[in-house]
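> Produce the entire structure from the sequences given, and follow the hints as far as they go.
Taken in sequence, the protein lines are chains A and B. So the first sequence is numbered by the UniProt record's numbering: it starts at 1 and just counts up by one. So the second sequence is numbered by the UniProt record's numbering: it starts at 1 and just counts up by one.
Since the hints were made in silico from the structure, they are not lab data. All values reported here derive from a predicted model rather than from experimental measurement. Check the hints yourself; a few may be wrong.
Unchecked claim - Facing chain A, according to a computed beta carbon distance under 10 Å, are these residues of chain B, among others:
1) Ala-31
2) Met-124
3) Val-127
4) Thr-221
5) Leu-222
6) Ile-249
7) Ile-266
8) Leu-282
From the three backbone atoms N, C-alpha and C, an ideal C-beta is built for every residue, glycine too.
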Amino acid sequence: MAQARSRNSRLWLGFAEHATGIVASLLFLAPIVWTVLSAFKPAGEARLPPLPPWPTTGFSVENYATLNTFGDGLWLPAQNSLYVSVMTVVFSVIVGVLAGYGFSRFRFPFKDALFIVILSTIMIPFQSILTPIFLVLTKIGLHNTLTGLVCVYVTLQLPFSIFMMRNAFDAVPREIEEAARMDGANNVTMLLRVMLPLVWPGIVTIALFAFLGAWNEFLAALVLMTDQSKFTLPIMMTALQSGRFGAIDWGAVQAGVTVMMVPCLILFLLLQRFYIRGLMAGAVK
Amino acid sequence: MTTIATTSAPARRRKLVGAGRRQWIGLLYVAPAVALVTVFFIIPLGMTAWMSLHNWPLMGAHSFIGLDNYAAILRDNRFWNALRFTGYYTVIVTIAIFAVAFPLALFIERPRQLTGFYRTSFFMPAVVGFASASLLWSWLLNVDSGLFSPAAFQLGLTEKKVNLLATFQPAFWSIIAMVVWKVAGFTMIILMTGLQSIPPDLQEAAMIDGAGPFARFRAITLPLMRRTLALALILSVAGSVLAFDQFYIILRGGPRNQTLTAVYWIFNQSFVSFKLGYGAALSMILLVILVALSLVQLWLLRKPEGVD
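This is the structure in structure tokens:
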């Protein structure tokens, strides 16, 4: 009798826990789902409050087409965003791997000082040095260019990239290197052929953070990209949402927000364990 | 060591020179990183300090004016209002984030069915950018085409559609709700790593000794999570002190400039009014605040002394 009751109450507790979990999950997912679904409404319906969130008068991609008619359209800013993000990934990985290898495997003058200086840039908010960055970019002829923005983003990612990669290289046993050196491998083949396959989880992690960081960054892009043809998606969408292109089309905003969110969500779902790894590495530091 | 000792003197020297040169190559590997940090961080940092001592318009010549910009800051009530608002926002949003993230962390820390799904759902908004999230919520909060006001009206909770963004209180709490939605999952994961590092036998021993869940939480969980809590706290505080995107995109600093944050004010001075020197002086103040926060962080995150 007593046993049956305790089993019963455990069952109820489990049920209550899962009910809480599902309601909470729905609360967190709702705004994302709401936007993605609403974006597929026809333009007339998208102007009305999203109740219910799904299209009731037929499925349509009209909002994406409308979005494409504002300013320089949807494609140009999407391409700009993609270009900036991919280049940030490529250069964060190259610079991060080289520096991580250098800091992990060599002894040279000022090594510790350089490492500390690079890591401590994380303490300084980049928001406070945007004006001089703008002037430096102008000086070297990179102002209002996507390349200039990439340089800034790679620099902002550096402390994390280098910290991650140095730890990754530190974890590779020295015996492996010594064996390869016996076989006549020089520094470059050592790095490319022997080390890279061993540190690739670290590379995926810094690539993921570089992509998300560059894709989502707002303030620097807002300040540094003054020419409309160089706008990234967040800047273009904010211009649209502020009414810069006339009356605000909320259907187009939903479509734009969907385009901005979906790549992040897909990358996260595919590479979740690398993301959590990066967070942990940062947290345990 | 022993192998070196047994080799002949010339061979040893050659080996050391070779090793020395090999070590120097390390400098080449780190050179690109050092160059980037120098050009896009160290130099701009020095320039901020230098510019803060100048009257520096966007066009035309700049002139040295000593500490005049800093003197002007002392009289700049709107900056102090922005700083006060930033502090108020930071306190409220940090409390709100922890109030949501801590229960979530306790909830997902215990393995059960569907934990993976719950964890992923709670975390999803964290990978969406602040700009995307702000644009999304600016739609949800819109009085005519949004979700909240029309839904409340249709459910009969309000007599007419209320514009949530028109007055300070509802606008401010809407931002808090949006930020908690976006950030709680992130804080939750950090807190979870702290919870998982607590040895389970410690909890069990306390349970056998008859400690209730609240007593266990106070005597074991909280003290052992000190470093994790400090990290989550500092990340939340630093992020909030630098808040900009959500206030720019959703509220444009309104209603009546009541939600201008420190970064927003610097942005306005530097890139709307183009008072670059004054903006640099304001930036120096922000920088000092953030570095002070980082030093507090280092102190809070120090390793426990002795055997702990």
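> Each of the hints needs a verdict: does it hold here or not?
Here's how the hints hold up against the structure:
{"no.": "1", "hint": "Ala-31", "verdict": "8 Å, holds"}
{"no.": "2", "hint": "Met-124", "verdict": "6 Å, holds"}
{"no.": "3", "hint": "Val-127", "verdict": "4 Å, holds"}
{"no.": "4", "hint": "Thr-221", "verdict": "17 Å, violated"}
{"no.": "5", "hint": "Leu-222", "verdict": "17 Å, violated"}
{"no.": "6", "hint": "Ile-249", "verdict": "6 Å, holds"}
{"no.": "7", "hint": "Ile-266", "verdict": "7 Å, holds"}
{"no.": "8", "hint": "Leu-282", "verdict": "8 Å, holds"}
Hints 4 and 5 from the list above are not met by this structure, while the remaining hints are.
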